[in-house]
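The number in our numbering is simply the position in the sequence shown, starting from 1, with 362 added.
Keep in mind the hints are simulated off the structure, nothing from the lab.
All the pointers check out, no bait thrown in.
27 Å max Cα-Cα, derived DSSO-like pairs, lysine-lysine:
#1 Lys-497 <-> Lys-395
#2 Lys-390 <-> Lys-488
#3 Lys-400 <-> Lys-390
#4 Lys-497 <-> Lys-371
#5 Lys-390 <-> Lys-497
#6 Lys-437 <-> Lys-390
#7 Lys-466 <-> Lys-488
#8 Lys-476 <-> Lys-488
#9 Lys-395 <-> Lys-437
#10 Lys-466 <-> Lys-476
#11 Lys-400 <-> Lys-437
#12 Lys-437 <-> Lys-497
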Amino acid sequence: MSEKYDLPKGYEFNRVEQRWYEYWTRHKTFAAKMEEGKESFSIVIPPPNVTGVLHIGHALNNTLQDILVRYHRMKGDNTLWVPGTDHAGIATQNVVERQLATEKLTRHDLGREKFIERVWQWRRDKGGTIINQLKRMGASCDWDRERFTMDEGLSRAVREVFVRLFKEGLIYKGDYIVNWCPRCHTALADDEVEHDP
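Between the sequences and the hints, there should be enough to build the whole structure, so can you do that?
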């Protein structure tokens, strides 16, 4: 005679998904493996802002990347999906400045070095939300290779490429209308500006 089991009324995703994802992470299921003679396939996540949370666009984009990455793994290709976040300089600065305002302080009160330390501390404490959300989605990134755009190696590479492109005439100065922030003393991207009609 077979045993009877009471099936839950609904799928208990919290128990199942978290357990399996931890298992996959612990066993380095998503780690890149390099084998001679095999095709290589890699994707670097267009880094979402460290201050952000996932939205439907992130979910779609990362799902499509995950499909491609898993397909290439199943084919036996050397496959790497590099996760990371962008420093989102202005957004991060604004978040930390609002935090300082609750303490009745400004970034000028702290000085440059202390303010930068505070930004890095905020990033360590609060900056993992979007990465945790990607993990909850089941993204099969090689998490041991997670990068941040302010990591020294990446910053150096960006400066080097910027200078090279400038010398080749591909980056140039010009007179253009920009969205100037009088508080931050910097130009803002169009999507960071609210236009009044």
